[in-house]
Amino acid sequence: MADVQTTNQSILVVGGGMSGITSALEAAEAGYDVVLVEKNPYLGGRVAQLYQYFPKLCPPNCGLEINFRRMRQNSKIRFFTMAEVANISGSEGNYNVTIKLSPRYVNDKCTCCGKCSDACEAEIDNTFNFGMDKIKAAYLPHEFAFPMRYVIDPSIVETEDGKKCQEVCEYGAIELDMAESTFDLNVGAVVWAAGWNPYEAEKIDYYGFGEYPNVITNVMMERMASPNGPTQGKILRPSDGKEVKNIAFIQCAGSRDENHLPYCSGICCLASMKQATYVRERHPDCDISIFFIDIRALDRLEDFYTKVQEDEKIQFIKSKIANISEDEATGNLLLEGENTRTGEQLRMTFDMAVLATGMVPNKIDIAGAPEVAADEYGFVINDPEKAGIYGAGCVRRPTDVASSVADATSSAFKAIQSIARR
Amino acid sequence: MDKKTAVYICTGCGIGDALNVEQLLEEGTEEFTIDVSKDHPCLCGVEGVEVIKKDIADEGINTVIIGACSYRVNYDVFNFGPDVIVERVNLREQVAWVMPPEDENTQELAEDNLRMGCSKAKDTQLPEPFKAEEEYSKDVLVVGGGIAGMTAALETAKAGYKAILVEKEDKLGGFLGKMKQSVTMPYKELADTGAAEMIAAVEAEEKIKVYTSSTVEKISGGPGIFSVDIKNNGNAVNERAGAVVQATGWVPYDANKLDHLGYGKFKDVITNVEMEEMAAAGKITRPSDGSPVKNVLFIQCAGSRDPEHLPYCSSVCCLVSMKQATYVKEQDPEAVNYVLYKDVRTVGQAEDFYRKAQQDGNIFIRGAATEVGEAGGKLFVEADDELLGENVKIEDLDLVVLAVGMVPASKPAVTPRIKAPADAENADEEGMIEVLPDSGFFANSALNLAYRQGPELPTLKYGFPDSHFICFPYETRRTGIYSAGCVKRPMETAKALDDAAGAAMKAVQCSELTAVGKAVHPRSGDMTYPEFNMNRCTQCKRCTEECPFGAINEDEKANPLPNPTRCRRCGVCMGACPERIISFKNYSVGMIGNMIKSVNVPEEDEEKPRVICLICENDALPALDMAGIKRMKWSPYVRFVQMRCLGSMNLVWIADSLSRGIDGILLMGCRHGDDYQCHFVKGSELANTRLSKVSETLDRLALESERVKFVEVGITDYEKIPKIIDDFMETIEEVGPNPYKGW
Amino acid sequence: MENKMGYNASFAEEVFRNVDSGDEIKMCMNCGVCAASCPLREHMDYPPRQIFSLIRAGKREEVLGSQSIMLCTSCYTCVVKCPRSIPVMDVMHGLAHYALKKGYTPRIEAARFGKEFWNQVYRRGRVDERDLAQRAYFAGGFWEGVKKILEFADVGIKLVLHRRMKLIPEKKIKGISTLRKMLDKAEMLDKGRSVQ
Amino acid sequence: MKYFLYWGCSLEASGANFLVSLKPSCEALGMEFLEIEDWNCCGASVSYAGAGDLAIKVANARNLAIAEAEGGYDVVAPCSSCYIQMIKVNHEIKEDPDLLEQVNVCLAEGGLKYRGNLNVRHIQDVLYNDIGVDKIKERVIKPLSGLKVAGYVGCQSVRPYGEYDSVNKPVVQDRLLEALGAEAVPFPNKIKCCGSGLFVPEMDYCMELVKNILEDALNHGAKLISTVCPMCAMNLEIYQNRINDHYGTHFDVPIVYLTQLMAIAFGMDMKKHAALNYNLIPPEGVIHAAIG
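Protein chains in written order, with my numbering: chain P, 1 to 422; chain C, 1 to 743; chain W, 1 to 196; chain H, 1 to 292.
Please keep in mind that the hints were generated in silico from the structure rather than gathered at the bench.
Heads up, the beta-carbon is just placed ideally off N, CA and C, and yes, glycines get one too.
A few of these clues could be false.
[Stated by the list, open to error] Listed next, the in silico DSSO-like pairs over lysine-lysine satisfying Cα-Cα at most 30 Å (straight line): (1) C:Lys630 / C:Lys38; (2) H:Lys23 / H:Lys169; (3) P:Lys56 / C:Lys378; (4) P:Lys313 / C:Lys630; (5) H:Lys211 / W:Lys166; (6) H:Lys192 / W:Lys148; (7) C:Lys720 / P:Lys307; (8) P:Lys363 / P:Lys76; (9) W:Lys148 / H:Lys211.
[Unchecked claim] Here are some chain W residues the structure puts well away from chain H; computed CB gaps all over 12 Å: (10) Glu13; (11) Phe16; (12) Arg60; (13) Trp143; (14) Val146.
[Said to hold, decoys possible] Part of the chain H face toward chain P, derived, beta carbon under 10 Å: (15) Ser166; (16) Lys169; (17) Pro188; (18) His220; (19) Gly221.
With these hints in hand, go ahead and build the complete structure from the sequences.
Quick look at the structure:
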């Protein structure tokens with residue numbers, strides 16, 4: 001279905017998050033042909049799910065919007081959503097890549113009028129909100145979705161709901177017989193910017209995530225704080241919808257732990273401080289405790305730490321939390337730890353706990369792909385001896401947005417160099 | 001260009017149900033010359049687009065006005081090539097989806113929107129990209145020959161471009177060259193610094209021209225056409241460059257200010273830089289008597305994370321001390337290292353090196369030094385051991401190493417002072433005032449830009465040249481000049497390598513875009529640029545002062561001298577100009593004025609107020625779109641006029657509107673202040689400042705000040721938009737109709 | 001200010017060298033998870049993390065004389081949760097063993113019980129629970145032993161009645177002499193031998 | 001399936017009901033047990049007071065070396081303390097070849113050598129993974145329907161290696177109890193320590209641990225508590241009176257071995273096979289009340 005002409009002068013960027021978008025745009029604006037593939041039905045990746053960035057507390061959509069505008073007016077970039085790399089072979093200067101497109105069941109005639117969603121009755125878990133709410137099975141992934149186009153969930157394709165959606169669409173945009181398809185590309189270099197996944201919090205079983213409803217993860221908190229999230233921006237206890245009166249942030253939930261992720265995930269300290277400001281803004285009386293081992297606020301981010309420390313409702317307690325148990329009657333959470341500054345054994349009760357789960361890189365996992373160096377944690381190493389496929393952003397190291405963007409810009413340049421060499 | 005204009009109204013997505021399209025086409029286009037006007041049930045569909053394409057082909061239509069959905073969607077469908085002007089009129093998100101259907105007010109809103117679109121299309125010209133008279137260069141000037149600078153030059157060369165590398169010392173290498181070893185990815189063991197290889201590679205690369213013992217005396221021109229005067233060992237050389245990478249690095253924090261830690265008092269208290277140099281030179285010994293070291297204590301955050309010294313974290317010192325502790329252990333496995341720290345900050349995979357340092361038996365003590373002293377020829381350190389809850393004394397120390405932080409080379413030791421303006425409050429006795437970091441006059445000499453707004457990059461506080469440091473970390477406030485490495489923020493080797501390559505990418509990209517007359521970020525690709533009608537210039541200097549990017553120089557008579565290749569096309573100069581002499585081909589004071597004039601102002605007795613909302617297209621307008629997509633409701637009396645940046649808002653529009661009977665003006669722009677969100681850094685702030693002068697206008701017209709209001713609207717504030725509008729409409733109702741109606 | 005604690009790396013070195021698993025504490029990053037997961041933490045003068053801090057600070061007396069090192073129930077909770085994979089339990093056992101060898105007698109009863117347990121292993125290859133209890137009780141002297149015996153008589157009698165206490169003393173295993181040789185050899189090779 | 005059964009010292013004394021019930025109930029599932037010739041004590045968890053780390057490892061390695069020489073079948077250690085001591089040696093020598101060498105230097109004093117080829121298994125592991133709940137269900141004649149049991153896992157049967165079950169949220173015992181038809185009540189304290197070998201010398205401290213465990217089980221509706229460790233069983237059972245005196249509580253909770261419940265569910269003799277008469281707090285009442 002896709003009619004894409006590329007040559008070994010073109011660059012493939014895998015992953016349409018902040019890093020991938022940046023790599024694609026930087027290369028394209030320097031005059032190179034770029035194909036960007038993203039497995040979600042929208043671009044923006046993880047940052048699209050964030051409410052605000054630290055330390056400026058500004059909305060990620062602001063920067064994304066600029067980037068989408070750059071993309072709109074640049075004919076050098078072609079992008080595909082619901083697209084994944086199925087196969088890749090070759091070497092620097094000449095890769096043959098097969099892209100697999102999953103069916104969206106909605107074609108480009110979609111005007112985003114929303115009638116299909118109105119007609120559809122079936123609901124599915126909203127993965128954009130980490131399953132905290134449901135959406136119609138004919139849906140727009142989120143308000144700022146780019147491209148702005150609906151998606152039909154495969155589960156209703158063969159149901160009455162699917163037919164209804166098709167019938168109400170006045171523009172012939174719904175194609176229930178759309179099938180998976182593939183197309184081939186020839187490119188000179190590849191930027192792998194497939195991003196990261198939050199560490200599976202269930203694995204830290206003594207924190208009871210998945211078992212106690214009031215234990216959530218930091219990524220869920222972002223959705224909860226977002227006006228377009230499952231609670232319309234209200235921070236409420238999942239168990240009973242009550243306002244939170246006290247909340248705990250548990251740092252290094254998985255990170256810096258040889259039983260889980262031995263490395264530091266780099267961003268979680270700042271993310272929790274940022275989320276503490278979300279709570280403060282909505283519930284000025286709420287007491288906030290941040291449990292940490294070391295606070296890692298590099299460079300000017302220290303200013304943000306200083307600012308948050310000045311808030312008397314936010315306390316930093318140096319303790320790794322050793323256990324969470326739930327009071328079955330109230331849903332309250334008992335946290336146990338050792339306040340290592342005072343030596344006191346600590347037992348504190350909270351309405352809610354947020355696990356600052358770390359980052360796990362999405363490594364190159366394609367059978368038969370050329371070997372790309374990686375460390376034991378799966379982070380891509382850009383080895384000058386094996387040029388041609390370059391990691392960008394959090395596939396190289398767990399890091400914040402600014403560093404990811406810088407890294408993605410450098411990876412775009414590496415890709416250009418691969419082409420210049422041939 | 002002779003315009004042949006067509007208007008197309010889409011009746012899909014509920015537009016046809018909400019509006020009387022026939023009436024719209026008639027009323028909305030009445031005052032304009034329209035060659036073709038049509039409606040279509042699904043304009044964005046293949047058939048709809050075909051209709052337009054056919055008219056372009058058959059009727060010679062070259063200006064297309066599309067009344068349909070937001071310009072943010074179907075942008076690709078309604079692109080008819082570079083020779084056709086397309087103007088989008090929003091009838092969906094701002095009209096059909098948010099207003100009651102078949103309502104008089106809704107209809108009037110649509111008609112006004114279409115009139116404004118027609119008016120804008122009438123005044124829009126096709127862009128004619130700027131072409132400088134000089135020959136363009138795509139070479140990259142790199143200032144600073146340390147790791148970041150050398151990397152930027154090498155990466156540039158690898159991509160097939162030329163680089164000019166200027167280093168003030170007599171050899172390349174910077175701090176990298178002074179290091180014994182480095183700790184970098186994958187953070188398992190110490191690694192060779194690679195300095196020698198890197199220097200050799202730079203020197204061997206024919207695409208890189210190296211100037212050592214050299215300084216940049218002057219950079220004039222702009223991207224693509226920079227002229228660079230270099231003083232090379234006393235000789236003057238001129239080079240041309242397309243873009244610049246500033247990688248001037250860092251200097252250690254002045255340890256003389258750390259006398260409480262014994263520096264300067266005890267010979268065996270040294271800085272981490274001195275430690276590194278000693279290790280690189282050979283043996284680590286006690287400076288006092290050259291005897292071997294057995295017990296070493298590292299004091300972390302010596303100056304850093306201290307409001308009295310460097311409030312920020314210098315990022316690298318934890319790893320550096322662990323590295324140096326490794327040197328000590330390698331020299332003498334029996335030696336003992338203590339590391340006195342606040343937090344161990346080994347982020348990412350660097351945690352592995354912390355684990356190695358622990359495995360090596362180094363002793364980490366969390367706490368702050370309270371005293372450094374000497375007893376019996378050996379040093380001791382007293383500290384609050386946070387984890388023991390006691391004051392502890394570490395004695396018998398041979399060496400105390402202060403992990404001093406990084407200060408950007410751009411930061412002046414003493415803040416420069418300039419002559420204060422007459423109305424300045426904190427001027428000293430001589431009428432001088434401190435220069436703000438947010439100014440081109442603050443930083444230490446490195447680039448010597450021949451710019452009216454100062455010779456160096458404006459910086460954030462602490463002296464790091466940077467602006468949008470989250471989404472767009474390479475943005476500086478001087479177009480085509482990118483900072484890289486530790487001058488931008490404290491960073492370790494691994495990050496400096498990436499950062500420098502990224503800066504080189506931006507530099508190359510800037511040259512490429514500039515060469516074809518296109519703007520760089522954030523309006524990348526824009527081929528218009530501001531043109532000055534100098535006949536009417538009154539030399540008021542507003543444009544030269546306000547341009548956030550220092551694009552406009554001044555001659556001795558204060559005439560503006562625009563440098564279009566430095567321009568980011570925000571239109572701030574256009575907004576600043578009281579004489580309305582600055583225009584873009586597709587954006588001008590006259591054009592927006594005409595759009596506003598095309599809005600129908602009903603008579604007072606109709607009781608239909610009219611409000612003009614000047615709305616920033618970067619954040620507020622997408623938010624308005626979202627509000628529309630969410631089918632929120634607001635007053636039908638507001639007419640939205642899209643701004644490139646609210647900083648391009650010209651006060652004349654407010655005066656003209658009010659004098660025509662418009663009841664109120666609402667301005668929606670980005671957040672300003674420390675955590676500004678304005679994509680042109682200063683735009684929304686300047687608009688707000690400008691607004692303070694609007695009171696004169698209001699006074700002159702004897703109108704209430706409430707009629708003009710500025711609100712900050714972020715892109716995710718769409719939920720707030722209806723309330724902002726409704727509150728304003730309430731205010732307008734309270735102050736009553738504008739008495740100038742019908743004049 | 002007097003009374004300042006002097007840091008002294010020599011005790012840390014002593015622990016690294018001579019205590020079973022002692023060098024593992026190098027990896028401690030003071031997170032406190034061990035303390036917080038310990039069932040007897042409320043009764044410890046210094047929970048494990050603090051013990052490690054004290055070792056690094058050179059506080060020999062506090063460490064070897066601490067109650068905590070004898071209060072490990074061997075539940076392994078700290079071991080499975082330690083983010084730096086320190087076998088905290090082994091370290092505590094190692095320290096207890098070392099302290100006892102060095103003549104420290106914190107938690108004397110636990111020490112006697114443990115020592116007697118090992119005596120039984122060494123003497124007959126197996127443990128006789130009844131004999132173990134008796135000997136442990138009497139290790140503190142005759143009258144203390146009698147008191148304990150009386151105190152626990154109810155339990156003892158019940159166990160006997162429910163066929164859960166052997167009345168006939170446990171015999172030595174057949175290979176007792178070679179077992180002892182093996183164990184003697186092990187003690188000779190053990191880490192702590194240098195300070196025997 | 002053949003296994004070495006290393007029952008250790010306790011199962012001949014205070015834990016006799018474990019051994020008595022284990023043999024018939026497991027044999028009924030097709031397991032065949034061999035004894036390790038002239039085995040010695042594992043040293044349990046308190047020997048560090050008298051012995052160095054290496055000596056304790058050597059004591060355990062001796063048993064393993066004999067078993068390896070006698071056929072190398074998996075060694076099943078029902079007592080958690082024995083299990084952990086043996087599996088620990090096995091783990092550590094796998095990670096550290098030098099340790100294996102050292103151990104063998106010592107074993108050589110008795111003409112033995114251990115190659116490290118044995119598997120040490122917990123009885124729960126074998127029941128769950130080798131036999132499987134389906135086979136157990138098949139064998140059940142008298143399902144323990146309605147019997148609310150708190151499956152007390154304790155410490156050393158799962159920690160630290162988690163070879164067959166989660167170390168923090170174990171489920172295997174509950175699944176086995178359910179296979180017998182019983183209802184395994186939720187029981188957060190199932191992994192909390194009972195005090196182990198430290199109970200006797202540190203009774204004042206450890207009583208509280210046991211009290212919390214008993215309380216939690218009862219609060220969750222359990223009528224009896226099952227265990228798989230003689231030390232746990234003893235600590236939970238025989239000091240209940242003392243705890244009652246100390247805390248003013250009224251505990252009278254029967255503590256049974258999982259294998260005792262198996263024998264009952266398999267329709268075997270309550271005394272001869274299930275060894276219920278060994279229990280200090282008679283479980284018959286609650287069992288009969290539930291299953292008739």
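Hints and how they fare:
1. C:Lys630 / C:Lys38: holds, 29 Å
2. H:Lys23 / H:Lys169: Holds, because 28 Å separates the two Cα atoms, which is no more than 30 Å.
3. P:Lys56 / C:Lys378: Distance ~47 Å between lysine 56 of chain P and lysine 378 of chain C Cα, so the pair is violated.
4. P:Lys313 / C:Lys630: violated, 35 Å
5. H:Lys211 / W:Lys166: holds, 28 Å
6. H:Lys192 / W:Lys148: Judged against 30 Å, a Cα distance of about 28 Å means the pair holds.
7. C:Lys720 / P:Lys307: holds, 27 Å
8. P:Lys363 / P:Lys76: Cα-Cα ~27 Å, so holds.
9. W:Lys148 / H:Lys211: holds, 22 Å
10. Glu13: holds, 19 Å
11. Phe16: The claim holds: phenylalanine 16 of chain W sits with its nearest Cβ about 15 Å from chain H, beyond 12 Å.
12. Arg60: Answer for arginine 60 of chain W: holds, closest chain H Cβ roughly 20 Å.
13. Trp143: With a cut-off of 12 Å, tryptophan 143 of chain W remains clear of chain H, as the shortest Cβ separation is near 18 Å.
14. Val146: holds, 17 Å
15. Ser166: holds, 6 Å
16. Lys169: Holds - the Cβ of lysine 169 of chain H comes within 10 Å of chain P, reaching about 5 Å at its closest.
17. Pro188: Status holds, d = 6 Å.
18. His220: holds, 9 Å
19. Gly221: For glycine 221 of chain H, the interface hint is violated, since the closest Cβ of chain P sits about 12 Å away, which is over 10 Å.
Consistency note: the structure conflicts with the earlier hints numbered 3, 4, 19.
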